[in-house]
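Enquirer: The task is simple: from the sequences and hints, build the whole structure.
Under the working numbering, the residues of the sequence shown are numbered -15 to 79, in order.
Honestly, the hints are just simulated from the structure, not real lab data.
Check each hint, because a few of them may be wrong.
What follows is a set of in silico ranges between Cβ atoms, one per label pair, in the way DEER data are often shown [stated by the list, open to error]:
hint, residue 1, residue 2, range
1, F36, N60, 19 to 25 Å
2, A65, S32, 24 to 30 Å
3, R43, P76, 34 to 40 Å
4, A(-13), A56, 26 to 32 Å
5, S(-11), H69, 33 to 39 Å
6, M71, R43, 32 to 38 Å
7, P72, L52, 22 to 28 Å
8, H69, P17, 48 to 54 Å
9, S11, A65, 19 to 25 Å
10, N60, S32, 38 to 44 Å
11, V59, P21, 40 to 46 Å
12, P15, P72, 47 to 53 Å
13, P76, T14, 42 to 48 Å
14, T14, E(-12), 16 to 22 Å
Ideal placement from N, C-alpha and C gives every residue a C-beta, glycine not left out.
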Amino acid sequence: MHAESLDALGRHLYGPRYVTSLAEALSEYTPKPVQAPHVSMWAKGQRSIPDFVGPAAFRVAERGYRELMARAEAVNRMLYAPFEHGMPSLPPAED
-15 MHAESLDALG
-5 RHLYGPRYVT
5 SLAEALSEYT
15 PKPVQAPHVS
25 MWAKGQRSIP
35 DFVGPAAFRV
45 AERGYRELMA
55 RAEAVNRMLY
65 APFEHGMPSL
75 PPAED
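Expert: Given below as structure tokens:
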């Protein structure tokens, strides 16, 4: 696993302050708990990333993708039925 990829995964799934959340998620798929300081050092390229992190990161990415898609779908339902959620109906914003 590359440091840049680990950093990108954390940022995309958990936002700019991702380290603790990513450590907790990785720990669900590793033989021993992953500590936040280790994630920080790995993502910055300050320490080599152990071999067990790659497969765990893959599982975290799979689960994170499903969770993000479910949240996006929930927001989408709100946008298509705004009055049911107590929101005004507004025209789409121009990009």
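Enquirer: Now tell me if each hint is right for this structure.
Expert: Status of the hints after comparison with the structure:
1. Against the hinted window of 19 to 25 Å, the Cβ-Cβ separation of F36 and N60 comes to about 36 Å, which falls outside the hint.
2. The hinted range of 24 to 30 Å is not satisfied by A65 and S32, whose Cβ atoms lie roughly 50 Å apart.
3. Hint check: R43 to P76, Cβ distance near 36 Å, so the stated range 34 to 40 Å holds.
4. At about 28 Å, the beta-carbon gap between A(-13) and A56 stays in the expected band of 26 to 32 Å.
5. Taking 33 to 39 Å as the suggested C-beta distance range, the pair S(-11) and H69 conforms, at roughly 37 Å.
6. The given range of 32 to 38 Å is respected by M71 and R43, whose C-beta atoms sit roughly 36 Å from each other.
7. With their beta carbons about 26 Å apart, P72 and L52 fall inside the hinted range of 22 to 28 Å.
8. Checked against the hint of 48 to 54 Å, the C-beta distance between H69 and P17 comes to roughly 39 Å, which is inconsistent with it.
9. For the pair S11 and A65, the supplied restraint of 19 to 25 Å is violated, since their beta-carbon distance comes to about 38 Å.
10. Taken as a hint, the range 38 to 44 Å holds for the pair N60 and S32, whose Cβ atoms sit roughly 41 Å apart.
11. The hint said 40 to 46 Å for the Cβ distance between V59 and P21, and at roughly 34 Å that hint is violated.
12. Checked against the given bound of 47 to 53 Å, the beta carbons of P15 and P72, roughly 51 Å apart, stay inside it.
13. For the hinted restraint 42 to 48 Å between P76 and T14, the CB-CB distance of approximately 43 Å keeps it satisfied.
14. At about 20 Å, the CB distance of T14 to E(-12) agrees with the hint of 16 to 22 Å.
When the structure is compared with the earlier hints, violations turn up for hints 1, 2, 8, 9, 11 and for no others.
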